[in-house]
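Sequences listed follow chains F and S, in order.
Heads up: the first sequence begins at 1 in the working numbering, then just goes up one per residue.
Heads up: the second sequence begins at 691 in the working numbering, then just goes up one per residue.
No lab work stands behind these hints, which were simulated from the structure alone.
Cβ coordinates follow ideal geometry from the N, Cα and C atoms, glycine included.
Check before you lean on any hint, since a few could be wrong.
[To be verified] Over 12 Å on every C-beta distance to chain F, these chain S residues come out as not near it, computed from the model:
1) Ile756
2) Ala757
3) Gly759
4) Ser760
[Stated by the list, open to error] Reference listing, derived: stretches of chain F covered by chain S, where coverage requires no fewer than 3 residues with Cβ under 8 Å from a Cβ of chain S:
5) 240 to 246
6) 355 to 364
7) 389 to 400
[As the list claims (entries may be wrong)] List time: in silico DSS-like cross-link candidates among lysine-lysine, alpha-carbon distance up to 27 Å:
8) Lys586(F) x Lys548(F)
9) Lys785(S) x Lys390(F)
10) Lys123(F) x Lys275(F)
11) Lys427(F) x Lys275(F)
12) Lys772(S) x Lys390(F)
Residue strings, one per chain:
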Amino acid sequence: MPTFGSFALLFALALSGYSLCAGAIALRQLATGSRGHVSPERLAETARRAGIGSFIATTGAAFALVWAAFNNDFSVAYILHHTNRALPGPYKFAALWSGQEGSLLLWAWLLSIYGFVLRLRHKVDVKLTAYASTILAGIQVFFLLLLNFAAMPFSLVGGTVPQDGFGLNPLLQYPEMVIHPPMLYLGYVGFAVPFAFALGALMMRYPGEKWIHITRRWTMVTWLFLTCGIFLGAHWAYSVLGWGGYWGWDPVENASLMPWLTGTAFLHSVMMQEKRGMMKSWNVWLIFSTFLLAIFGTLLTRSGLVSSVHAFAQSSIGTWFWTFLVIVLAVCLFTFILQRDHLKADNRIESLVSRESSFLFNNLVLLAACFTVLWGTLFPVLSEYIQGNKVTVGAPFYNRVAVPIGLFLLFLTGIGPLLAWRSSSFKSIRKNFILPCIAGFITAVVVIVCGVRPWEIFTSSDQGSFYSFIAFTLAAVVVTAISSEFLRGAGVISRHTSQNLLASMMQLTRRNTRRYGGYIVHFGVVIIFIGIAGSAFNQSKEEELGFKQSLNIGPYRLECQSYSQDSNANYDTEYALLDVYRDNKKVTQLAPEKRFYAASQQPSTIVANHSTFAWDLYVIYAGKNPDTGQPIIKVFLNPLVAWIWIGVGVVVFGTAIALVPNMSAALAATRSRAAALAPAAEAVAARGGD
Amino acid sequence: MHQLGRLVAVAFIALLTMGSASTAVRYNDLGHKMMCVCGCNQILIECNHLGCPDSERMLGELRASIAGGSDDEGILAAFQDKYGPTVLAAPMLTKFNIVAWVVPPAVLILGIALTVVLVRRWRLRATATPIGLPAANFSAVRERIRRETEL
């Protein structure tokens, strides 16, 4: 099977290379009007089919690696280093992306899947798709070159083949790790598609904005995958790393956040181009940057450029990525300079106080946030270069610099929908802002009454209370603004159709899924912000707990019922059984664990978490006191964490709505009339038709 | 103008460093301002990996320093001297490290200022060009408005 895998990779490289070259020649012939022995249309078709063939070959290679993992083929070095016989099935599958070579294979495979779908749907716009397909083939060639010559997943073990593997990193043996990396990669890789379309459209001077219509769903789905990937990673960190938090501003986390921020900016500003023919150059560079940042993120996580708590899969392939980045940037720059006259805006922003301006500022703040993250991530390298010594840029830096930018973004989320297109009059601003402002003021008072002291920022080094106060207040402003938008539109429909408000809201959403789906996404973002704001009030305690001894934190009392140890083929475990009481009533039993994996000889924490809307009771088995033999238990009371995961669910729901095509106004009106007539018809039928 | 610039710089640095006065939670605050040096890349007080050779000892040193009456700056400086600059979770406001703190907000402010200037220039250009709408085109204009504002 390793031979088959290696051959499949080589074959995939040949096919992708052909797809790139034949595609480029055909497009060149089409552009210049010259003809060779084969017509450019036929040549382009062979390039498309070679691209499809490359998907089949890459799938074969991915299958070969998974097959080798399931069959304990330890003659393959990658399988030897990332699996063992006792590893459960799902984690053997996850081994595909647990190491350097496998995750690069996953990247190439996902890219080939995206390319396959794109090439199948080529009739949407044959010429533009041919350009995009050729660009995707170029990206695919890079990854396949890596897999064939630099990070070979099917390298064989020299000498005697060991009987068992070294096992999977214990931190990766968690259910979310089976879906978090593929999600993240689907996001990273997915941005290659809008990138290819944007670059292709620019190369061919594509008339109009149709390429944006074509790529809109691609971009949204990709963004959704990346969002899910990031938050699954946060949830994994929260559940597995056992330090009580979900985001540590680690370079690897930052690497995923940067393309997300520029991708989010692109999703917003592309609407301006679609509707008003504005910001064309800006949009092109946003999607170029997003793709470049996705590649840069991959480089960061693998080259050892910056040290990371994830510290996985570092190697010398950094040079390959740097070269690729420079080539992509050069191609983008060259194409832009050559075709920049094609990107002239049809309209200009006419007022600072307008919906267009809010989009522009939203973009600016998102890019500033991206720059801050990039700056913080790379500053240690810059410091070493200039000062001769590295510094650490960790959470305290981001909390002071990035969090205020995030809050400013939240503020813009609230005011954007309240501004009119082109220009807002003072009267309309006053009318639209009064309700959200009142809501914000009331919330601010309630938050202070509840015990939040924002002025503590002047007396303590902790800015948490201040930031959470601002976050709660802005959250109220944004929710009121969004709700009033929904209610205003639904009220109009309700008056015209006599439907109730809820039905009217649903109809309103279906008539403009993108706008109202977007509002739901914003609502989800607000919920996430509320959840994050809760972290300012985290509490923690660490105590040694013997049999029947207890520990109090917040409203909870934890009583140790027993502590013991166990083992299976994969790991040994130590755990404590803790009864949790609230108001002297038992609410649950928690069993925090510490595992020690046999194959990898590494420990791992299994957190026990009792999650409610108000807070998470997060319990860690910190170890045993060697003198007494009693477990040391660390407990965190983390407020509002569940809101983050709920918020992500709302974001997913909102994005799904935005992906649904609009119901036309005419169809909506017909349905409303039919619905309004139905009760009358039923009444007539009930009376016997008289 | 020069004095105003100075005032803004002082206010900015004060904002970044405000609240550094000692409190009952100094141990917790300082523990969050330093990193564990074992290579785990975790905040000192949050380092939780089994058998860490450094975090317990460092936290002990931190307790001793606080009990010894040192101020926060002194404690951070002493740790920096002993373990190197990477022990601090964020760069201090010294020499080149100030750049780390100043550049991101400066970029944001500069971006906002540029955007405002740009939009004002566009606006002036737009108001200088009167738009005449023939009555026959009214439905086309309505359609355009609908298309442009349906977001």
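Each hint tested on the structure:
Distance to chain F confirms Ile756(S) as a non-interface residue, since its nearest Cβ pair spans about 14 Å, more than 12 Å. Under the 12 Å C-beta cut-off, the non-interface status given to Ala757(S) relative to chain F holds; the minimum distance is some 19 Å. For Gly759(S), the shortest C-beta to C-beta distance to chain F comes to about 18 Å, beyond the 12 Å cut-off, and the non-interface label holds. The beta carbon of Ser760(S) is kept farther than 12 Å from every beta carbon of chain F, the shortest such distance being approximately 16 Å.
Only residues whose C-beta sits within less than 8 Å of a C-beta in chain S count toward coverage, and the region 240 to 246 of chain F has 5 of them, enough to reach three; the restraint holds. Using a Cβ-Cβ cut-off of 8 Å, 5 residues of the region 355 to 364 of chain F lie near chain S, which meets the minimum of three, so the contact claim holds. Given a C-beta distance limit of less than 8 Å, the hint that chain S covers the region 389 to 400 of chain F holds, as 10 residues qualify and 3 suffice. In summary, the hint linking Lys586(F) to Lys548(F) is supported, as the alpha carbons are separated by about 14 Å, within the 27 Å threshold.
For a cut-off of 27 Å, the pair hint linking Lys785(S) to Lys390(F) stands: about 14 Å separates their Cα positions. Distance hint between Lys123(F) and Lys275(F) is fulfilled; the C-alpha atoms sit about 25 Å from each other, no more than 27 Å. At roughly 26 Å between alpha-carbon atoms, Lys427(F) and Lys275(F) fall within 27 Å of each other, so this suggested pair holds. Restraint check: the Cα-Cα separation between Lys772(S) and Lys390(F) comes to about 15 Å, which is no more than 27 Å; the hinted pair holds.
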